[in-house]
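So the mapping is simple: my numbering equals the position in the sequence shown, first residue as 1, plus 1068.
Everything labelled a hint here was simulated from the structure, so no lab data went into it. A few of these clues could be false.
Dumping the calculated DSSO-like pairs for lysine-lysine here, alpha-carbon to alpha-carbon at most 27 angstroms [unchecked claim]:
| no. | residue 1 | residue 2 |
| --- | --- | --- |
| 1 | 1220 | 1074 |
| 2 | 1281 | 1071 |
| 3 | 1074 | 1281 |
| 4 | 1281 | 1220 |
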Amino acid sequence: MDKRNKRILMSVLGVVICGISIGLFKRSTFGVDPYQTLMGGVDAVLPISSGTMYVIANICLLMFSLINDRHRIGLATLINLFFLGYIADYSHQFLKSVFPDIGLAGRVVMLLMGIVIMCLASAFYFTADLGVSTYDAVALIISENWKVGPFKYCRIACDLACVVIGVALFLISGQPVSGLTELVGLGTIITAFFMGPLIEFFNVHVAQPFLNK
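Generate the whole structure from the sequences, applying the supplied hints.
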């Protein structure tokens, strides 16, 4: 397989698998990744389907990429923009139907699988360089275009901002506070502080060797 076809494969699989990982996060009920925490907060204020809301939010972030670095927009961006939210929803519902009662051990397994799969998937479509998700582009632009600092630290800052805003929106929405545990938990903390470094690790040790092999 030549490099171009590898890039396309890595982009498509990266986005699809990333959607599945979000479903794993949600089913673990240990909290979702920081961007989904933000989406959960917005959803609490604007009760529309999460798939549709995801498209609207990403169109807004797409404007940021168009202004700052159009190179970040490509095949993976479009797939992510229009399909990731729906893939995540379907994955979550599928996992709930197949594993209605998973217990603590099952939740931990799903959380760990979600973290590893999400970071690996992100590394694949980063390396493919056919566009990244509109959210991933924010940290990349801040790091590489604005020269603020290394990607992993910019990603941590973006993730923490998403968690804070998502929680604030949820609290002012009037929703029961008990529902907040589905958005923020152990999984959120792990991804907020370690997702950037993990993506960088998989990028160097898995995605780049796969592309250049």
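Against the structure, the hints come out as follows:
With a C-alpha separation of about 25 angstroms, the suggested pairing of residue 1220 with residue 1074 holds against the 27 angstroms cut-off. The straight-line distance between the Cα atoms of residue 1281 and residue 1071 is roughly 9 angstroms, inside the 27 angstroms bound, and the hint therefore holds. For the proposed pair residue 1074 and residue 1281, the alpha carbon gap of about 10 angstroms is at most 27 angstroms, so the pair holds. For the suggested pair residue 1281 and residue 1220, the alpha carbons sit about 25 angstroms apart, so the restraint of at most 27 angstroms is met.
In terms of the numbered hints stated before, the structure departs from none.
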